[in-house]
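Chemist: What follows is each chain in one-letter form.
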Amino acid sequence: MTAPVITARGLTKRYGKATAVEAVDFDVAKGEIFGLLGPNGAGKTTTILMMLGLTDITAGTIRVLDHDPVREPLAVKRRVGYLPDQVGFYDNLTAIDNLAYSARLMGIPAAERASRIGEALARVRLSDVAEKRVKTFSRGMRQRLGLAEIVMKRAEIAILDEPTSGLDPQATVEFLEMIEELRRAGVSVLLSSHMLDQVQRVCNRVALFQAGRIVLMGSVAELARQVLGAGFVVEVEADAAADLDARFHAIPGVSAVARVGADRYRLTADRDVRPEAARAVVAADGALRRLSVDDPSLEAIYTRFFRRQTNGEEGKRDAA
Amino acid sequence: MRREGSPWQGLNTVFVKEMTDYVSSGRMLVLGLITIGIACLVVYFAIDNIRQTTAEDPFVLLKLFTTGPSILSLVLILGILLPVVAIGLGFDTVNGEHNRRTMSRILSQPIYRDALLAGKFLAGLATLAINLICLWLLVVGLGIILLGQPPSGEEIARSLLFLLMTLAYAGVWFALAMLLSIVSRSAATAVLAGLGIWFFFILIWPFLANGLAATIAPPDLRYEMLGLQTPATLQWTEMLRRLSPNQLFSEAAVTLLVPDTRAAGAVYLDQLRGAVMGAPLPLSESLAIVWPQMVALIAGVFVLFVGGYVVFQRQEVRA
Chain A
1 MTAPVITARG LTKRYGKATA VEAVDFDVAK GEIFGLLGPN GAGKTTTILM MLGLTDITAG
61 TIRVLDHDPV REPLAVKRRV GYLPDQVGFY DNLTAIDNLA YSARLMGIPA AERASRIGEA
121 LARVRLSDVA EKRVKTFSRG MRQRLGLAEI VMKRAEIAIL DEPTSGLDPQ ATVEFLEMIE
181 ELRRAGVSVL LSSHMLDQVQ RVCNRVALFQ AGRIVLMGSV AELARQVLGA GFVVEVEADA
241 AADLDARFHA IPGVSAVARV GADRYRLTAD RDVRPEAARA VVAADGALRR LSVDDPSLEA
301 IYTRFFRRQT NGEEGKRDAA
Chain B
321 MRREGSPWQG LNTVFVKEMT DYVSSGRMLV LGLITIGIAC LVVYFAIDNI RQTTAEDPFV
381 LLKLFTTGPS ILSLVLILGI LLPVVAIGLG FDTVNGEHNR RTMSRILSQP IYRDALLAGK
441 FLAGLATLAI NLICLWLLVV GLGIILLGQP PSGEEIARSL LFLLMTLAYA GVWFALAMLL
501 SIVSRSAATA VLAGLGIWFF FILIWPFLAN GLAATIAPPD LRYEMLGLQT PATLQWTEML
561 RRLSPNQLFS EAAVTLLVPD TRAAGAVYLD QLRGAVMGAP LPLSESLAIV WPQMVALIAG
621 VFVLFVGGYV VFQRQEVRA
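As they're listed, the protein sequences go chains A and B. Every letter in the first sequence is one number past the one before it in our numbering, and letter 304, counting from 1, is 304. Positions in the second sequence are counted from 1; adding 320 to them yields our numbering.
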């Protein structure tokens, strides 16, 4: 892994007595999509604002592209693109004019402006409405225009705050594809969200925020092993004369076998055991009707983790 | 701890953008037209007045600013209307960005907040200046055409100084409107607060100042028997009234535009000893009299702007 582009150590933000972010540590590697997850008010946006030098840091350090956002905010903001939660534009200006204003603020030379704006609008597929006023734009189009601004900036890091909240499913899928494109172009992406399935679809690694702390961090598969115990659930539907239970148990890596129907079995394993399961059925001379694997879902991890935590707290309270 | 880079980076861009917005906005068009329309009407009546009553006056052009139908005059109209124009221009400068949700996006560009605020402020001042220069040209032009007399150098100098002071006066109100737009996240609250302060200074403060002065320094019976005002009470009244930008503006305007004005406030008998009544003062003397008023107005602009700046720098970007 190359040197991380964002490094946070003991990052803390307090508003008076209230703590918004408490001693957060994380790294974002170059070229990865890193997700900040958690309920609203868990400290995701505050963390993002600290990265951009838009709000003061109470304690700890953060380095963005080897700059300190507190002391060198301009150096950071020149190389980092930010798409705020529910981004706004000047409604009475056209898409091009809005981008032209940002381009001037970015200090893009006049000769390059028109071509870079055109390119960026093409990348987010807004070329045909470039001359329309933003007033007429839908929520999804505004989000895409915000992404165009980051493309135009040629940012090395894109920070996206709740980029898909409030979008319809079609627009969400399109937007996630654009984020993937951005990553393929070599941009490191940090996105915050509370939409778990979407984050799971695009993120390489995630950090789970709760009440200002990171409670879990890693790739989805890692988290699944950590929280759910095992990562993969394989469902087999087959009938066979012989006892399949024992045969499934014999497969290395399987930790549990449950019979969920007359001839349906659910296998929990730490890897994808579909080939072995199929072989087991065939060896028992059975007829295999269905074989499927559930990817570990972030939602399951999330719910399980928080349920376990609340149970734990209740347990403590009972003990007291 | 020093910040890296210039705080003025992006200032020019913000200035040009805001200026375009102001000049092309319907709001500015309406406010500008109302002011210029009323002003032209007043000047037209003033010209009528001057034609009928003035036999000979070396400063006939300046009379255009200070006379009119009954007690109305251009100075009075500007004193009342300019604050409304400035508040109308400035009440949503900063909270508008928050409400449109453009603030955090703009601030994530490589500029400091200084540039955003200063750019907006200078653009507002420039817009006001353009309007006032138009007005000045209209008045002087109307005067030359309808009175048929070319203005003297001193008339031009005095009226230009008046123009500068009017700009400072409008600047005070614009800076106030901007401060309110920073403090209050709601544009409606900001505009109501602004108009409330305007109303207070135009209508209530003159009376309140009288009352306060009479409480602080009660009138002396001996003066009252003679039908005179007590000097101590009078001084307090003047001082309190001068807390209002309107008072400063009208005092400075009259002194500059009526060259035989010898003092901005009350004139005492000993000040008149040796004076040739009705003789105009040289420009430098008039300027010396209004110097405090001018400085106070310009200082007011700075104080209000700096106040807004401090609040803005500490404000959270997030709504």
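Hints should not be assumed to be uniformly reliable.
Computed Cβ-Cβ distance ranges for the label pairs, DEER-style [what the hints assert, rightly or not]:
#1 B:421 with A:132: 16 to 26 Å
#2 A:40 with B:559: 50 to 60 Å
#3 A:309 with B:508: 17 to 27 Å
#4 A:180 with B:344: 48 to 58 Å
#5 B:631 with A:177: 15 to 25 Å
#6 A:59 with B:631: 52 to 62 Å
#7 A:40 with B:344: 31 to 41 Å
#8 B:480 with A:40: 54 to 64 Å
#9 B:508 with A:180: 20 to 30 Å
#10 A:132 with B:633: 28 to 38 Å
#11 A:107 with B:454: 45 to 55 Å
#12 B:421 with A:107: 18 to 28 Å
Listed next, the in silico SDA-like pairs over lysine to any residue satisfying Cα-Cα at most 20 Å (straight line) [unchecked claim]:
#13 A:132 with B:420
#14 A:135 with B:635
#15 A:17 with B:635
Derived from the structure by calculation, the hints contain no laboratory data. Glycine included, each C-beta is placed from N, C-alpha and C at the ideal position.
Chemist: Decide, hint by hint, whether the structure agrees.
Modeler: Cross-check of the supplied hints:
1. B:421 with A:132: 16 to 26 Å: 19 Å, holds
2. A:40 with B:559: 50 to 60 Å: With a Cβ separation near 55 Å, residue 40 (chain A) and residue 559 (chain B) satisfy 50 to 60 Å, so the hint holds.
3. A:309 with B:508: 17 to 27 Å: Because 44 Å falls outside the window, the suggested range is violated.
4. A:180 with B:344: 48 to 58 Å: 40 Å, violated
5. B:631 with A:177: 15 to 25 Å: 43 Å, violated
6. A:59 with B:631: 52 to 62 Å: Since residue 59 (chain A) and residue 631 (chain B) have Cβ atoms about 25 Å apart, the given range 52 to 62 Å is violated.
7. A:40 with B:344: 31 to 41 Å: 39 Å, holds
8. B:480 with A:40: 54 to 64 Å: Between residue 480 (chain B) and residue 40 (chain A), where Cβ atoms are some 58 Å apart, the hint holds.
9. B:508 with A:180: 20 to 30 Å: With a Cβ separation near 43 Å, residue 508 (chain B) and residue 180 (chain A) fall outside 20 to 30 Å, so the hint is violated.
10. A:132 with B:633: 28 to 38 Å: 36 Å, holds
11. A:107 with B:454: 45 to 55 Å: 34 Å, violated
12. B:421 with A:107: 18 to 28 Å: Holds, since residue 421 (chain B) and residue 107 (chain A) (Cβ atoms, about 23 Å apart) stay within the stated range.
13. A:132 with B:420: 18 Å, holds
14. A:135 with B:635: 28 Å, violated
15. A:17 with B:635: Judged against 20 Å, a Cα distance of about 18 Å means the pair holds.
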